[in-house]
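*Asks:* Next come the chains, spelled out residue by residue.
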Amino acid sequence: MFPRPIQHYPRASQIGYQVMVPIVLLLWLIPLLAVMWFSIKPGEDFTQGNYWNWPENGFSGVQNYWMVFAESDMPRYLWNSVVITVPTMIGAVALSCMTGFALGVYRFKGNLLIFFMFVAGNFVPFQILMVPVRDLTDQMGLYDTRLGLILFHIAFQTGFCTLFMRNFIRALPRELIEAARVEGVSEYRIFWYVVLPLMRPAIAALCVLIFTFVWNDFFWAVVLTQSPESQPVTAGITSFNAQFRAMYHLMSAGSIVAAIPPVAMFFLMQKHFIAGLTLGAVK
Amino acid sequence: MTRVTTETPQRRRKMSQQAIAPWLFLLPASLFFATYVLYPIIQSFYISLFEWNGLYSLQYRGVEGTGFTDLQCLELGNRAGREDGCELTGDTLWNADYVGMENYRTLYTDPFFWTSLKNNVKWLLLYLLAIPAGLFIALFLNQKIAGMRLYKSLFFFPFVLSQVVVGLVFSWFFLPGADDGLLNVLLGKFGIGPFNILGHNSTATYGIIAAGLWPQTAYCMILYLTGLNAVDPEQIEAARLDGAKGPKMLWYVVLPQLWPATFIAIVVTVIGALRSFDLITIMTNGGPGFYNTSVLAFYMYDVALSEFGFRMGYGSAIAVILFLIMMVYIAGFLWKMWRDEKV
Chain A
1 MFPRPIQHYP RASQIGYQVM VPIVLLLWLI PLLAVMWFSI KPGEDFTQGN
51 YWNWPENGFS GVQNYWMVFA ESDMPRYLWN SVVITVPTMI GAVALSCMTG
101 FALGVYRFKG NLLIFFMFVA GNFVPFQILM VPVRDLTDQM GLYDTRLGLI
151 LFHIAFQTGF CTLFMRNFIR ALPRELIEAA RVEGVSEYRI FWYVVLPLMR
201 PAIAALCVLI FTFVWNDFFW AVVLTQSPES QPVTAGITSF NAQFRAMYHL
251 MSAGSIVAAI PPVAMFFLMQ KHFIAGLTLG AVK
Chain B
1 MTRVTTETPQ RRRKMSQQAI APWLFLLPAS LFFATYVLYP IIQSFYISLF
51 EWNGLYSLQY RGVEGTGFTD LQCLELGNRA GREDGCELTG DTLWNADYVG
101 MENYRTLYTD PFFWTSLKNN VKWLLLYLLA IPAGLFIALF LNQKIAGMRL
151 YKSLFFFPFV LSQVVVGLVF SWFFLPGADD GLLNVLLGKF GIGPFNILGH
201 NSTATYGIIA AGLWPQTAYC MILYLTGLNA VDPEQIEAAR LDGAKGPKML
251 WYVVLPQLWP ATFIAIVVTV IGALRSFDLI TIMTNGGPGF YNTSVLAFYM
301 YDVALSEFGF RMGYGSAIAV ILFLIMMVYI AGFLWKMWRD EKV
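Protein chains in written order, with our numbering: chain A, 1 to 283; chain B, 1 to 343.
These are calculated hints, taken from the structure and not from any lab test.
We treat Cβ as the ideally placed atom computed from N, Cα and C, and that holds for glycine.
Fair warning: there could be bad hints in the mix.
When the alpha-carbon atoms are kept at most 27 Å apart in a straight line, the in silico DSS-like pairs for lysine-lysine are as follows [said to hold, decoys possible]:
| id | chain 1 | residue 1 | chain 2 | residue 2 |
| --- | --- | --- | --- | --- |
| 1 | A | Lys-109 | B | Lys-336 |
| 2 | B | Lys-342 | A | Lys-109 |
| 3 | B | Lys-248 | B | Lys-144 |
A few chain B positions that, by computed beta-carbon distances, are all more than 12 Å from chain A [stated by the list, open to error]:
| id | residue |
| --- | --- |
| 4 | Leu-74 |
| 5 | Thr-89 |
| 6 | Asp-97 |
Input sequences plus hints: build the corresponding full structure.
*Replies:* Listed below in structure tokens is the structure:
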């Protein structure tokens, strides 16, 4: 283990380390703690310029959060985000299970070329797609709809998911598939009954990752949507902030609300999330 | 004998099924991907040779017997609507003018393009600091003490936030008044400041990059923590017996084993740096002044969907340049993958 385990050091250093870790953590999260502080302060504090002192009439607590839900379009934006994110997650993972299977199991001419297309496509800058995709979405009558965003996200995320799935399937024991073939099982049934059940951890990891990526997307949200009827929360929060200009207590409560779903997803599915993100970090 | 003859056709069917199956499995995703990713890349290259306001115009044709020909109506453009001799065909026309390389020539003399490109270089170089910073935190946290799992996830936590939230969080952290932003409040305790980081040309870009480094460092940290977990303990012990320790051990024994993690960290950091758009839009919207914190990704968006009229052709030209820069890294990545596949 590197660095040398702290247990090998004298008692004093061990205590020192145990005290230091939480302190460093607090420093690391300071910008976030500041926002949490803002979000529970009463509004009058900000008009009086009392940003950091204790509020005179007590904290407003959940009241700010209640305002966010009751007085703005925030619930609608959140719902739009859910409606966009969940189908994308299902669509991209389903498509990439198939591509991953095709590229990971079969040897055929052009296999690597197709695989590299998916990988390269996943890395291109969004701007090179922006004008044509916006135009295509408009032509299909899907500009400013949630479906327009969903279709694009499914297509784009399939690139990353294919990279992930193909490498995962590659690592599965080939003998399983060979054995099934000898038994005369059809290719479709091999996919459904042999490979798919083994892919469960990969599917779980991808679901969490895609959920977070798509929920946090801002660029495509502003390119493909513009009204509260279809905008997800990342884009909606800018109009939310315009509505509550300089009302820091509401703006910060709104940001925290917008961040909760992916954060909750991360803490609930931490193992899968990190396994997905660090794919390839270990030989 | 009879067994062989009954088996052969079945076997052949099996083989052809194996030949067709991958293509069927690839079909749906390939259609999606080609429509939304591959073809648009080609289209962008094409559009960059035109001047286009993003609109289509209605197409007119000449009405027989009025003396108007189809061509005349076409040349009248939208004014054809006022002529009785022209009628709608029901189709639309792409409202673009071919200008050849003109957009690229304009780019060459566009000062905002060069500011954006220069800022891209700053982003690329400074963003890479996330890698040593992430390694540093990972080394700090790679211990087994009570609650370490929770500490690690809390350190990683900024990466899960959307860049929009990170941008908002940092713009409030940087608020200029001496009693407003927490940064200035803290610096004030040491008698320094206050600074208006996002309000000055010389510091704004660095302020945004600092905000971007926060989640990026967290990502690199988690990559290295995973990597450190897999470092071969026997090699470490052997090196320790040989008297290696501290920085020497890190450099000669640990880092080489962490190379896969470092490689991925470089890839995601470079791509993250070139994709920076959200933070700039949220924190400064390109300001202060004209495009002082702009990068190519931001400038492209702002030009193509400008409030003063869409310039899709010019925007596409910027996108092409950004794409070509990115392509250098993508090619490098693919080359390494290809080499690994061969082994």
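*Asks:* Checked against the structure, which of the hints given earlier come out wrong?
*Replies:* none
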